[in-house]
Each structure stands twice: as C-alpha cells, then as structure tokens.
Amino acid sequence: MSSPTTHVVEPPAKPRPSAVTERDIARAGATRRRRDSRVKIWVGTIAVLVVIAPVALARVLPLPSPDATNLAGRRLPPLTDGHLFGTDQLGRDLLARVLYGGQVSLVIGVLAVLVSGLIGLVLGALAGYRGGWIDTVVSRLLEAQLSLPLLMMLLLVVALFGPSIPVITFVIAIAQWPEIARLTRSLTLVEREKPYIAAAHVLGLGQTGILVRHIVPNIVKQVSLVVLLLLAQAVLLESALSYLGAGPQRPFATWGRIISDGQDYVTTSWWLVTLPGLVIAVLVVGVNLLGDGLRDRAGGPKTGLLKLFSLRRKGK
Amino acid sequence: MADQVLATMPAPQTSPTATTARRGKLGVLLGPMPRYILRRLGQSLFTVFLTLTTVFVLIRMAPGDPAYSLAGPLATTEDLARIRTDMGLDESVFVQYFKYLQGLLHLDLGTSYSFQAPAFDVVLSRLPYTITLATAAILLTTVVSIPLGVWMARHADTRRELVANAVTIAGQSMPDFWTGLMLITVFAVLIPVLPPAGFTTWSSLILPTVTIAVLQVALISRMVRREMVGAFLSPYITVGRSRGVSERELIWRYSMRNSAIPVLTALGTRFASMLNGVVVVEVVFAWPGVGSLVVRALETRDYPLIQATVLVTAVLAILVQLLVDLCYPLLDPRVRLGKGRGK
Chain R
394 MSSPTTHVVE
404 PPAKPRPSAV
414 TERDIARAGA
424 TRRRRDSRVK
434 IWVGTIAVLV
444 VIAPVALARV
454 LPLPSPDATN
464 LAGRRLPPLT
474 DGHLFGTDQL
484 GRDLLARVLY
494 GGQVSLVIGV
504 LAVLVSGLIG
514 LVLGALAGYR
524 GGWIDTVVSR
534 LLEAQLSLPL
544 LMMLLLVVAL
554 FGPSIPVITF
564 VIAIAQWPEI
574 ARLTRSLTLV
584 EREKPYIAAA
594 HVLGLGQTGI
604 LVRHIVPNIV
614 KQVSLVVLLL
624 LAQAVLLESA
634 LSYLGAGPQR
644 PFATWGRIIS
654 DGQDYVTTSW
664 WLVTLPGLVI
674 AVLVVGVNLL
684 GDGLRDRAGG
694 PKTGLLKLFS
704 LRRKGK
Chain X
1070 MADQVLATMP
1080 APQTSPTATT
1090 ARRGKLGVLL
1100 GPMPRYILRR
1110 LGQSLFTVFL
1120 TLTTVFVLIR
1130 MAPGDPAYSL
1140 AGPLATTEDL
1150 ARIRTDMGLD
1160 ESVFVQYFKY
1170 LQGLLHLDLG
1180 TSYSFQAPAF
1190 DVVLSRLPYT
1200 ITLATAAILL
1210 TTVVSIPLGV
1220 WMARHADTRR
1230 ELVANAVTIA
1240 GQSMPDFWTG
1250 LMLITVFAVL
1260 IPVLPPAGFT
1270 TWSSLILPTV
1280 TIAVLQVALI
1290 SRMVRREMVG
1300 AFLSPYITVG
1310 RSRGVSEREL
1320 IWRYSMRNSA
1330 IPVLTALGTR
1340 FASMLNGVVV
1350 VEVVFAWPGV
1360 GSLVVRALET
1370 RDYPLIQATV
1380 LVTAVLAILV
1390 QLLVDLCYPL
1400 LDPRVRLGKG
1410 RGK
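As you go down the protein sequences, you meet chains R and X in turn. The first sequence begins at 394 in the numbering used here and counts up by one. The second sequence begins at 1070 in the numbering used here and counts up by one.
What the hints contain is simulated information worked out from the structure, not anything from laboratory work. Computed from a predicted structure; not experimentally measured. A few of these clues could be false.
What the hints assert, rightly or not - Label pairs and their computed distance ranges (CB to CB):
#, chain 1, residue 1, chain 2, residue 2, range
1, R, Thr473, X, Leu1392, 54 to 60 angstroms
2, X, Arg1108, R, Ala591, 34 to 40 angstroms
3, X, Thr1154, R, Leu534, 56 to 62 angstroms
4, X, Ala1235, R, Ser557, 35 to 41 angstroms
5, R, Ala591, X, Arg1403, 53 to 59 angstroms
6, X, Pro1331, R, Val432, 27 to 33 angstroms
7, X, Glu1318, R, Gln482, 56 to 62 angstroms
8, R, Ala461, X, Gln1171, 54 to 60 angstroms
9, R, Ser458, X, Val1236, 37 to 43 angstroms
10, R, Val613, X, Phe1118, 32 to 38 angstroms
11, R, Leu450, X, Gln1171, 55 to 61 angstroms
12, R, Ala592, X, Glu1318, 49 to 55 angstroms
13, R, Ala592, X, Leu1288, 39 to 45 angstroms
14, R, Leu534, X, Gln1171, 39 to 45 angstroms
Said to hold, decoys possible - Computed list of chain X residues with no C-beta within reach of chain R, every gap over 12 angstroms:
#, residue
15, Phe1115
16, Ala1150
17, Gln1185
18, Ala1205
19, Leu1208
20, Leu1209
21, Thr1211
22, Pro1216
23, Trp1220
24, Phe1246
25, Leu1274
26, Val1314
27, Pro1357
28, Thr1382
29, Pro1402
Even glycine gets a Cβ: it sits at the ideal position worked out from N, Cα and C.
Between the sequences and the hints, there should be enough to build the whole structure, so can you do that?
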C-alpha cells in the first residue's frame, strides 16, 4: 500500500494584489470618520487644556491679584508693563481676573452638569423602567419645559433668590436635566426588554435591584458621552446669566460679568471684551470637539448599523 | 415619479370600523383633525397654567418684600402697609392666587409699578419688536442653514466638510452676547456702516439678526446634514438613482421631503424659543423688545410686568409650536394627525 500523496500548494511568492487598494481604504467613509474623530479629540483636548490649565493653576502663576486696582495704569493695552491681557477700567490685571473668574465659572459648570446628570439619570431611568404614572409625570414635565420661557424663569429665580453659586448651579441644572432624562428614558426602554433582565427577574431580584445593579450600569456609559456637550452648554449659559447681571459677584466676577463691565469701553479698549470672550469660545469649542469626537468614536458607526438592522427587520 | 416611489412603500392600514369604535361619539362628530387640535390646545393650556403657577409660587417663596423694594428705603411703616393693601399682599396666599387667576381670565394682569400702566399693554407695545427680530432671524437661519446642511451632507466626511464642520462648531461655541459685541466693534465702531444699538432705521435690524443667526445656523445646518445623510442611505434613493432621476431632484424632491418634518420641527422650536429667548441679544443691542423689558422688570422687581411677559411669551411660543404641528400633513401626506401613527 502506497501512502497517499499529498500535494502541498505553495503560496505564491508574491501575494495577489487585493481589489481593495490602500487608497480605497483611505478614502472610505469609515476611515475618514475615524480619522476625523481622532483629529477632533486631539484638537479638543489641546483647546480645553490651553484654557483649563492656567485657570486651575491661577494661584501658582506669577500674577498680580485680580482685585488689586491701579488707577495710574487704567486700560493699558495688552502686553504692556507685564500685563499679558492688559488692564481694565480700574487698572486690574485682566488675565488675573479672567483666570480667577474662570475658576468660579468652571466649578459652577461642572457641578451643574453633575446635578443635572443625577436628576436626569434617576428620573429618566425610573420613568423608562416603571412606566405608568411616573412616566406620565416625567414626560409631561419634559414637554412642558420645552415650551416654557426658560431663560426668563431662570433669571427670575436668580433675581429672587440672589446670585449665589448654589442658586446659579441649581438653575443651570434645572435647565439641563431634560436632555439627560430623555436619553436615559429611551435607553432604559430598550434595555428593559433584554433577556438578562427577565433572567434577573426570575432569579428573584427586586425591581430596585435590577434598576440599580443592571440597567443603570449598562446605560451609564452612553449617557456619559453627552456630559461633555452639556458642560459646554453650562459654561455658555453661566456666562449669559452673568452677562445679564445674574452671575455670582463673590469671590470673583465670572466671564460674562467681565465682558459686560468692559462693553462700555468697546470703542476705545477692544481687549476688555474681545479677550475674555475668546477664552470662553476656545474652551467651549474644545469641549464641544472633544464631546463630538468621543461620541463619533463610540456611538457613531454602531448606531448607523443598528438603524440599518432595524430597518431590515421592519421590512420583513 | 416621486409618488410612484412613495407608493411602493408599505403603509399599514387600520380598518376604519375599529378606529371609529375606539374614538367614541365626540370623535365621530369632530373627526380626527379637530379632535387633535382640541387635545393639543388642552395640553397647551395646561402648560401655560403650570408656567404661571410656577411664577406665582416662585415670587411668593422668595425672600425680600416687594412692597419694600417698591417704596424704597425712605418709606415709613404706614407707607409700606398702604402699598401692601393696594397690592393685596396682606391677604392669604390662596386668596392672592385666586385673585391672580381671576385677573388672568379678564386679561387683567395688574399695573406695572415702574411704567404706571397696565402690564399687559406694556408687554403688547414691546411685542412687535421681538416678533420682527425673531422672524428676521428665523428667515435668515432657514435661508442659510438648509443649503449649508445639504452641502455638508453631499460632502459628508470629506476634508471640505471638515472645514464647514469646524465653522459650525465655532458658531455654536461663541457666547451670543460676545458675537454681538464683536459685530458692533467691527461694523459700528471700526467701519461705522451700521447703527450699533436701538431701533432707529431698518438697518438696525441687521446686526441683531446676524448675531442670533450665527448660533441657529450652526445648530440647524448640523441637523439638516444628519437628516439628509440618513435619507441618502434609504433604498428609495437607490431606486430613484437607478431610474435615472437627476442628482438635484434626488436631493430636493426626494430626500428633502423626507427630512422636512424634523427640520421644520427644529425651526419651529427655535422660533418659539426665540420669542421668549432673545433676551441676551436684545440687551446687547438695546433692542426695545420683550427681552430687554423683562430684564428691566426683574431689576426693579416689577412683578405684574414679569407675570405679564411670561404669560404673553409662553402663549405665543405654544401657539407657534401648535402651528408647526398642524403643518405636518401638508408636508408629508403619510402623517395623519390624531391617529397616533406616521413618523
């Protein structure tokens, strides 16, 4: 008996060129999206750091006190006498005022996003999971808030209760919770129907347990992607309130207030309005880019596929 | 052609008898459309009521005495007592609330402290300015953002779109009061071609309109882009293209019609929120509208005026949203209001 002969086909010395060239891959939409999101994340991070690092280090940097007035050196243009941003109408160093004011703005922004995130997550998850009257009440509140004259109400609250940091934080959180609540609710509605929830139910886990230990941990990542975009909005809203005179005065005037103080001199001293506004814009652009990029990378293609999938299933 | 393509889409039909039975007598009498309007009006009334009650409660909860801030620091105790009686502040909260609602029904919102005129009339006299500004802004937004959004969708994920993307992100990141002040600096101070503030000639309208539109264009064009990209992926576009429909017609007649509803909703919501939300821009440009009025009313604690402003703008915003909803069937015949289906 002769052993069966096996023919080993040698791989070709030179692999056949694929029909898809590298150029095609580079031109494909998905590649471009991934590259764009990387660019967005990098540029965003740099823009955010350019603003946040000096703000955080304001106490360490060699800056004059933001309250030290110098009537001899009023409205000095930028880059004179060691004042990088110039001085304001009372001779205070503008850069120091912007950085110290930025600390207050950022603290308010971050706190407001945390509070609104917490309210939105709890109410949204409850409404989505329990349904019934809780869902009705929450949904009605969300709808009503859409058609309310929101900014007027916020100004009213600040005017009545005083422009302290807790009041302003609370006011911004109230303006923002619907965003998170709506998202959480819709995610919970999807999550609720998954088999593992039924399994947990059969195993005897209570409703609160399921909500806290299974649903919330599974949706919190997707919800947190919106947080950066909300932070950008919070910073803008805070600056608008403070521009209208409804911002905190102590310990330091925030960005909007600095701009509204400077706008009387807009004809002679351009930097009093331009530079603080530029700082806000750079920060918010950075946060927006970062949020956008992260969302594109995590959620973009996936939601596209899901959409296609659900369309096909509907067609059947 | 478009109709043929649309007709190929399966449309689930509900049997007419089943819906009639569910709707009840009133529904049969009125038909779905008026019934829908009635229900929406009911919801709107509830929202207005909620708003006004919130304002009432907030004002009563606040620390500080309105009589005191009205009379000033030099007032005697008798003065304060007289003002309290005049304003009804010495009665119980429930009586005050009842009288407040009663006044609302007669459109009597009290007398503005600072203007010494009926608060309702003061707000109405300012309203045309705000409506003019909001209308101009929404027109500019629509004219710019829809072509821009379509362009971005056609060039989705290319380098050219990245530039447009960066511009829209910058547009939505600039604080609007700062944009306004920058525009004033450039077009009224450096190159004095436009009036910086107030309302003197129609050219005063340009700067505030552009200021509002910068933010709105950024938001709406991104949304148009998203909708159009979604529409481009739909099977009916492939069908249309394989039948030789021109690219231009595919975009404007096919995709646009299907993206119209979300875009219109967004524009309507923006317009509604402008009617009560252009406060900041009005203050920057000293525009004599409702927004600058409410800031002044808040500074002087002019409660009747605040309540009147909130009422008028809330009602207006809700009416605009209702109108937008009623436009849906005109844009998309698949939508039938009050039937609970469609898009």
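CB-CB spacing for R/Val432 and X/Pro1331 relative to the 27 to 33 angstroms hint: Since X/Pro1331 and R/Val432 have Cβ atoms about 28 angstroms apart, the given range 27 to 33 angstroms holds.
Beyond 12 angstroms from each Cβ of chain R, as asserted for X/Phe1246: Given that some Cβ of chain R is not farther than 12 angstroms from that of X/Phe1246, nearest at about 5 angstroms, it is violated.
Verdict for X/Glu1318, R/Gln482 (Cβ pair) under range 56 to 62 angstroms: The hinted range 56 to 62 angstroms holds for X/Glu1318 and R/Gln482, with Cβ atoms some 60 angstroms apart.
Range hint compliance [Cβ, R/Ala592 to X/Glu1318, 49 to 55 angstroms]: Between R/Ala592 and X/Glu1318, where Cβ atoms are some 52 angstroms apart, the hint holds.
Range hint 32 to 38 angstroms (beta carbons of R/Val613 and X/Phe1118) holds or violated: holds, 36 angstroms
Cβ separation of R/Ala592 and X/Leu1288, checked against the hinted range 39 to 45 angstroms: holds, 42 angstroms
Outcome of range test on Cβ distance (X/Arg1108, R/Ala591; 34 to 40 angstroms): holds, 35 angstroms
C-beta pair R/Leu534, X/Gln1171: status relative to the range 39 to 45 angstroms that was hinted: violated, 27 angstroms
Cβ separation of R/Ser458 and X/Val1236, checked against the hinted range 37 to 43 angstroms: holds, 39 angstroms
Nearest-CB test (12 angstroms) between chain R and X/Gln1185: X/Gln1185 is indeed farther than 12 angstroms from all Cβ atoms of chain R, at 21 angstroms.
Distance rule for X/Thr1211, whose beta carbon must clear each one in chain R by more than 12 angstroms: holds, 20 angstroms
Beyond 12 angstroms from every chain R Cβ - status for X/Leu1208: holds, 22 angstroms
Of the numbered hints listed earlier, those contradicted by the structure are 3, 5, 14, 15, 24 and 28.
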